[in-house]
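A.B. asks: Residue numbers (my numbering), protein chains in the order written: chain E, 5 to 592; chain V, 183 to 383.
There could be a bad hint or two in this list.
To be verified - Under the rule of at most 30 Å between Cα atoms (straight-line distance), these lysine-lysine pairs were calculated in the DSBU-like manner: (1) V/301 - V/290; (2) E/349 - V/346; (3) E/503 - E/456; (4) E/503 - E/474; (5) E/503 - E/415; (6) E/349 - V/315.
To be verified - These stretches of chain E come out as covered by chain V in the derived footprint (C-beta under 8 Å, 3 or more residues): (7) 94-104; (8) 370-380; (9) 426-439.
Unchecked claim - Some chain V residues well away from chain E (every beta-carbon gap over 12 Å; in silico): (10) 270; (11) 294; (12) 337; (13) 351; (14) 357.
Hint data in this document are derived by calculation from the structure and do not stem from the laboratory. Each residue gets a CB set at the ideal place from its N, CA and C atoms; glycine is no exception.
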Amino acid sequence: MDHPSEDSPSSSDKSLGPTNHPQLPFPDEVLEKVLSFVNSHKDRSSVSLVRKDWYNAERWTRSKLFIGNCYSVSPEIVARRFPRIKSVTLKGKPRFSDFNMLPRDWGANVHPWLVMFAKVYPFLEELRLKRMTVTDESLELLAKSFSGFKALSLSSCDGFTENGLKALASHCRNLTELDIQDSISEDVGGGWLSSFPENFSSLEVLNFASLNSDISFDDLERLVSRCKSLRVLKVNETISLDQLQRLLVHAPLLTELGTGSFMQELTPRQYEEVETAFSNCKNLEALSGLWDANSLYLPLLYGACAGLTFLNLSDAPLQSGDFANLLVHCPNLRRLWVIDTVEDKGLEAVGSSCPLLEELRVFPADPYDRHHRDGVSESGFLAVSHGCPKLHYVLYFCRRMTNAAVITIVKNCPDFTHFRLCIMTPGQPDHLTNEPMDEAFGAVAKTCTKLKRLSVSGLLTDVSFEYIGKYAKNLETLSVAFAGSSDWGMQSVLEGCPKLRKLEIRDCPFGNTALLSGKLKYETMRSLWMSACNVTMKGCGILAREMPRLNVEVINDEGSDGSQADKVYVYRTVAGPRRDAPGFVLTL
Amino acid sequence: MENYEANGLNLKATELRLGLPGTGNEQQQQDQYSSSSSSHQQNVKNNYNNNNKRSSSEIASSCDDEQQQQHDDGAPLAKAQVVGWPPVRSYRKNVLEKKNPESSMFLKVSMDGAPYLRKIDLKFYNNYFDLLKGLENMFKCTIGVYSEREGYNGSEHVPTYEDKDGDWMLVGDVPWDMFVTSCKRLRIMKASEAKGLVSPL
Chain E
5 MDHPSEDSPS
15 SSDKSLGPTN
25 HPQLPFPDEV
35 LEKVLSFVNS
45 HKDRSSVSLV
55 RKDWYNAERW
65 TRSKLFIGNC
75 YSVSPEIVAR
85 RFPRIKSVTL
95 KGKPRFSDFN
105 MLPRDWGANV
115 HPWLVMFAKV
125 YPFLEELRLK
135 RMTVTDESLE
145 LLAKSFSGFK
155 ALSLSSCDGF
165 TENGLKALAS
175 HCRNLTELDI
185 QDSISEDVGG
195 GWLSSFPENF
205 SSLEVLNFAS
215 LNSDISFDDL
225 ERLVSRCKSL
235 RVLKVNETIS
245 LDQLQRLLVH
255 APLLTELGTG
265 SFMQELTPRQ
275 YEEVETAFSN
285 CKNLEALSGL
295 WDANSLYLPL
305 LYGACAGLTF
315 LNLSDAPLQS
325 GDFANLLVHC
335 PNLRRLWVID
345 TVEDKGLEAV
355 GSSCPLLEEL
365 RVFPADPYDR
375 HHRDGVSESG
385 FLAVSHGCPK
395 LHYVLYFCRR
405 MTNAAVITIV
415 KNCPDFTHFR
425 LCIMTPGQPD
435 HLTNEPMDEA
445 FGAVAKTCTK
455 LKRLSVSGLL
465 TDVSFEYIGK
475 YAKNLETLSV
485 AFAGSSDWGM
495 QSVLEGCPKL
505 RKLEIRDCPF
515 GNTALLSGKL
525 KYETMRSLWM
535 SACNVTMKGC
545 GILAREMPRL
555 NVEVINDEGS
565 DGSQADKVYV
575 YRTVAGPRRD
585 APGFVLTL
Chain V
183 MENYEANGLN
193 LKATELRLGL
203 PGTGNEQQQQ
213 DQYSSSSSSH
223 QQNVKNNYNN
233 NNKRSSSEIA
243 SSCDDEQQQQ
253 HDDGAPLAKA
263 QVVGWPPVRS
273 YRKNVLEKKN
283 PESSMFLKVS
293 MDGAPYLRKI
303 DLKFYNNYFD
313 LLKGLENMFK
323 CTIGVYSERE
333 GYNGSEHVPT
343 YEDKDGDWML
353 VGDVPWDMFV
363 TSCKRLRIMK
373 ASEAKGLVSP
383 L
């Protein structure tokens, strides 16, 4: 339900259809049968707007719910409209909360949703949450309320301890998926894994890589050996190499593996056993973990890499030599995540070894430049673009970049859908010419016609935003930091990008004029975030007054003078102002 | 790795010119910040500085952020830390600094005239260039250029280290890898005291 704008659709439905012929209504059963094949929530939204009987048929047949902003709608409204839901995806906090820009206890607590689901959707099977607070109480409610519950996925969620997970493990007899990614929960103890009953064997996906739980290896080994359908296993750092080997022996059919610690004093026999275990993983498509991997132990992996399409080295800072040697064994890579310790030389190896590459993410080892490492630069990115023409997703953290390089890169790879470039020093110009990076992002906007997501950085004037507004007609998400010269920059984007859904801005000279210029547009978008800009409480107040279907929320920093609006979060909603907003969130 | 040959110092001599932060490339960037001729640059700078002021309470309360102070001479902040920037998740910030005793090598560093010692982790540095630059930043001193013939002749400060045998050696004489395994502690001496350590070639 991307935009629940219509509780009751248009009633002028009698004369839709080709020219003069009155529309013959479908029998309900036929319509419902047809709709059972329509899965995308966007398509279903469109279907529901056609006419009233389509709206009803759609709401009765929808089984998967997608709510991109948990505050855009309320549990009550959802429950009223959709009587038969089996799968729910809910997203909560704005993305900048990942970087500590939101105070704790901001909200996005899943509990009221679960209370409603327990009442209305007893057959719920799947719950996928992103950036939400999930308490043990909620997990216990979940575990006890849905007898057929199968899949729980928590991405960037916080609030739970091992007790919540224990409840899940003990009560969900049919659990197939427990997938915890990027957990922000502190110290989740390890007892939960031992809470799976002795006869429990349905697990297909188990990911606890981001929890620092000290689990019982013996219980894990038993669990893995019982679950014959296990295809995804991602363990945490507490699992050693030889322990991993024992797990692999029980689960040779894994398609996705996240290793534990990859450094250990191994005897020659152990080394051979681990090597053999990896060679037997014929179905491996994705590999991650690899903490502390180094040149001694990386070769253990080689036997498992032939079919690898996704290699995630974002927890393993490698040097370029080891990295290049590993890549030689991974010719089928489509997605690659690395740390910038591999440097430009390592990226040259990517260009020469990975012709099928579609996605590259390069993370900084030293984001605060404490150790003055080189990291990667424009030449590494260029090398990849030369060797990987199918590249369409990039996330690149670097300390320097040039306009010329980016222009060449998008010439080599015009199919970018996601272009996220982070030049780490705020406001840094082209390091060769000292000019703003306007032309770089102009080239991206102009050349990459399929561009859906863009993050800009470096020294940027309004010109870059003019380019974006003029050319980036498919842009849906834009992230801006320390950029722009005046309100006109933001206005250009708001006026020019018809498909814009999410706009997040920090530390830019955009003020009330820019904010208010988009007031009508925000109702077509999921949300707007502006922090440390030139927006005032007065401007926010005007926006709130004129647009009642938007929530305009302000958080002011301590010691702020009260006239500036330090953090502004604007989003469309049919649920009215939040009822659970903590004291520091002012809803205007 | 193919770079950082033999003694790790066969870099172009100019690249070893280590001055205070604010010389060389960095100066150009900071000129951008401090120039008032271009309004857009000024706006960027204003917002950057304003943000620092505004979010100082957040910086103070945010767990693992370090805030560098402005230099006493009023030179712009070299690398002030801003909340939430760069946009990396908390666990990624610590990729190099994990508490794995096998992968770190903390050493004491003393500087003549400084009231207390510092600790650095040698594992963070790839070569002498990085190390000396790091030391210069840490102690706000100039160490200057190493040469085989003359050591650090001409510099105010000279980096020395105590090796496994307990001898005090000049930093830079042996290959980096050898240095890393034999260095027990570092001492940055005043040039006037370091005469005896100049390589006698």
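A.B. asks: Could you run down the list of hints and mark each one as holding or not?
C.D. replies: Hint-by-hint comparison with the structure:
1. V/301 - V/290: It holds: about 5 Å lies between the C-alpha atoms, which stays within 30 Å.
2. E/349 - V/346: Given pair residue 349 of chain E, residue 346 of chain V is violated - Cα atoms ~34 Å apart, limit 30 Å.
3. E/503 - E/456: Since the Cα atoms of residue 503 of chain E and residue 456 of chain E sit roughly 9 Å apart, the hinted pair holds (cutoff 30 Å).
4. E/503 - E/474: holds, 13 Å
5. E/503 - E/415: Since the Cα atoms of residue 503 of chain E and residue 415 of chain E sit roughly 24 Å apart, the hinted pair holds (cutoff 30 Å).
6. E/349 - V/315: holds, 23 Å
7. 94-104: Coverage by chain V holds for the region 94-104 of chain E (4 residues, Cβ < 8 Å).
8. 370-380: As far as the region 370-380 of chain E goes, the hint holds, because 8 residues have Cβ atoms under 8 Å from chain V.
9. 426-439: Result for this restraint: holds, n = 9.
10. 270: violated, 5 Å
11. 294: holds, 23 Å
12. 337: holds, 19 Å
13. 351: holds, 23 Å
14. 357: holds, 17 Å
When held up to the earlier numbered hints, the structure conflicts with 2 and 10 and fits the remainder.
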